[in-house]
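In order, the protein sequences belong to chains A and B.
Residue numbers for the first sequence follow the working numbering, so the first one is 1 and each next one is one higher.
Residue numbers for the second sequence follow the working numbering, so the first one is 263 and each next one is one higher.
Hint data in this document are derived by calculation from the structure and do not stem from the laboratory.
Mixed in with the good hints there might be a few duds.
Label pairs and their calculated CB-CB ranges [as the list claims (entries may be wrong)]: (1) B:Y568 with A:H53: 55 to 61 Å; (2) A:Q91 with B:E484: 48 to 54 Å; (3) A:V236 with B:P427: 30 to 36 Å; (4) B:W276 with A:L190: 51 to 57 Å; (5) B:E311 with A:Q91: 46 to 52 Å; (6) A:E184 with B:K389: 46 to 52 Å; (7) A:R24 with B:K430: 40 to 46 Å; (8) B:E423 with A:S207: 47 to 53 Å; (9) A:E184 with B:E557: 33 to 39 Å.
Note that CB positions come from ideal geometry on N, CA and C, so glycine has one too.
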Amino acid sequence: MPRIIVCLKYAIDVSQIKVDSATRKLLTADAPRKISDFDKNALEEAIRIKEKHGGEVIALTVSSENASSALREALAIGADKAFLVHDSTIQNSDTLVVSQILAEAVKKFGSFDLIICGEASIDSYSGQVGPRLAEILGIPAVTYARKVGLEGDAIIAERSLEDFSEVVKVKMPALLTVTKEINEPRVPTLMDVLKASRKELVKWSLSDLGVLKEKVEAIAVQLLEVSAPKVERKKVRIEGENPKEIADKLVKALIQDGVLGG
Amino acid sequence: MSTFNGVWVFSENWDLATEMLSKGRELADKLQTELAAIVLGHDIKEQAEDLAVYGADKILTADNPIFKNLQVEPYLGALADLAAKHKPQILLVGSTRRGKELAARLAARLQTGLIPDVVKLEINEEKMLIATRIVYGGNGIAVQTYKAKPQIATVPPRTFEKPKPSDKKAEVVNVEVKLEESKAEVVEVKPVEAAKTRIEEAKIVVCGGRGVNKKEDFKMFEELANLLGGQIGGTRPLAEDRKWFSEWVGLSGKKVKPDLYIGCGISGMIQHVAGIRDSRVIVAINKDPNAAIFEVADYAVVGDIYQIIPALIETLKQTLKR
Chain A
1 MPRIIVCLKY AIDVSQIKVD SATRKLLTAD APRKISDFDK NALEEAIRIK
51 EKHGGEVIAL TVSSENASSA LREALAIGAD KAFLVHDSTI QNSDTLVVSQ
101 ILAEAVKKFG SFDLIICGEA SIDSYSGQVG PRLAEILGIP AVTYARKVGL
151 EGDAIIAERS LEDFSEVVKV KMPALLTVTK EINEPRVPTL MDVLKASRKE
201 LVKWSLSDLG VLKEKVEAIA VQLLEVSAPK VERKKVRIEG ENPKEIADKL
251 VKALIQDGVL GG
Chain B
263 MSTFNGVWVF SENWDLATEM LSKGRELADK LQTELAAIVL GHDIKEQAED
313 LAVYGADKIL TADNPIFKNL QVEPYLGALA DLAAKHKPQI LLVGSTRRGK
363 ELAARLAARL QTGLIPDVVK LEINEEKMLI ATRIVYGGNG IAVQTYKAKP
413 QIATVPPRTF EKPKPSDKKA EVVNVEVKLE ESKAEVVEVK PVEAAKTRIE
463 EAKIVVCGGR GVNKKEDFKM FEELANLLGG QIGGTRPLAE DRKWFSEWVG
513 LSGKKVKPDL YIGCGISGMI QHVAGIRDSR VIVAINKDPN AAIFEVADYA
563 VVGDIYQIIP ALIETLKQTL KR
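I would like the entire structure built from these sequences, with the hints used as guidance.
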């Protein structure tokens, strides 16, 4: 029976970010957070596999924030246990550091069969943590899966790539990242929420995992600034006596810009 | 002196590899270092030679059937091996879905940083590589730099212009690489909607908004799009409220980045604008002179789409005939 770990990012809710109108800086610190959308697909898929094959679903979050509420939600949705690695020093971490911390947490669990992540997070949308985690753990990764099935000790997954889709088979233990097409995540009922309060939610600090401060500080990518996008467009008004004149002027301008292909 | 030297470019997609060579050349010149394209595949002598005229100093190529299935591990093994031996300073990887996985795993293996889906790359006065990317679902532009080497970035298709072929030809060098078998068995490969390109990939997009009276009126957009070799799309209200389409262009729907986007009867709500921001040229046609979309347009036409579009089709027919 598979033991499945689902990695959930406690991500910034991008639809609720406000901008400081004077500086054009994004007020990300004040923005509410939630379980990243694609990670809910990952959790849903893990639960569906468990419903079919038995086993256990473990939710895992690494965050600089106290993400307990998000993990309670994951338990209500159907995870059996939840683990939160919480430390405020993680705040400036990059994907290199976060994937190393996740790997330490996974190692602390001991054995597992499958790790499922969303294809990317809604806020930074980098899609790195899944593949990096697989690499650190030395297990195969199947990214952008939109259909998954278990067959003995292997998973069979249909991957959605640009020009074609590909069906691959890999032996477990393995890591999967899933797209949002893979399923429709369920919404927990009130009963689920009540039951979840009795499930186990474990909090770990970095020292519980043996992750040293130096390791957290050894980031490879540094954020210099984030601002709201400025639009730099020509804003040329095309005017004319009649539609034909306007059309002629527009086509001429587009040919000059070299965007009419032919 | 840094022990890391040179700019490398890799993609399993030849067009994308070529595009990255223009930016690679610029970075290499600024750093006064060499530009190399890594070409991995099976029976790829021709591709390696073709790529040699686009500004690289060297083409490092390994030809082996192991690369035939386009699986990530063989590329990963080869690139990690080459990077360990030659220590490139910068490595640009084409941001296909395979490329994204490859770059992330390579960065993990080399214990270095990766900035994905860059829209801008430059070398600052301190010779640092500065990368810009879109974050927070289109609400933010992040400027980032590296604290480790090699500095890896993934580059989406059509971010940089394909360079013009030059007379100078790169030296094509066959290299030995570590062969790493894929752990995945490929069971089946099927083409996706081969008949139609996806709107995200379209070079020209004609998009309609609430200013379109009825679904049948999209016929004129279709005619315009067909004439230009493009695709049509609609805004979210047309899909969600009027149920004309199952998908829409916008932040929550399909994000497009064509060479040319023509917005017809679209007011320019922020969610829609976020989905078209990466278009090279934006044309907006709207009756309302105060429509928000004019603020993000290169060419603004204040007018009735039912007059302008037919006139545009007429003009294009004549122009394209010539």
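Taking the hints in turn, this is what the structure says about them:
no.: 1; hint: B:Y568 with A:H53: 55 to 61 Å; result: 58 Å, holds
no.: 2; hint: A:Q91 with B:E484: 48 to 54 Å; result: 50 Å, holds
no.: 3; hint: A:V236 with B:P427: 30 to 36 Å; result: 33 Å, holds
no.: 4; hint: B:W276 with A:L190: 51 to 57 Å; result: 55 Å, holds
no.: 5; hint: B:E311 with A:Q91: 46 to 52 Å; result: 49 Å, holds
no.: 6; hint: A:E184 with B:K389: 46 to 52 Å; result: 49 Å, holds
no.: 7; hint: A:R24 with B:K430: 40 to 46 Å; result: 43 Å, holds
no.: 8; hint: B:E423 with A:S207: 47 to 53 Å; result: 50 Å, holds
no.: 9; hint: A:E184 with B:E557: 33 to 39 Å; result: 37 Å, holds
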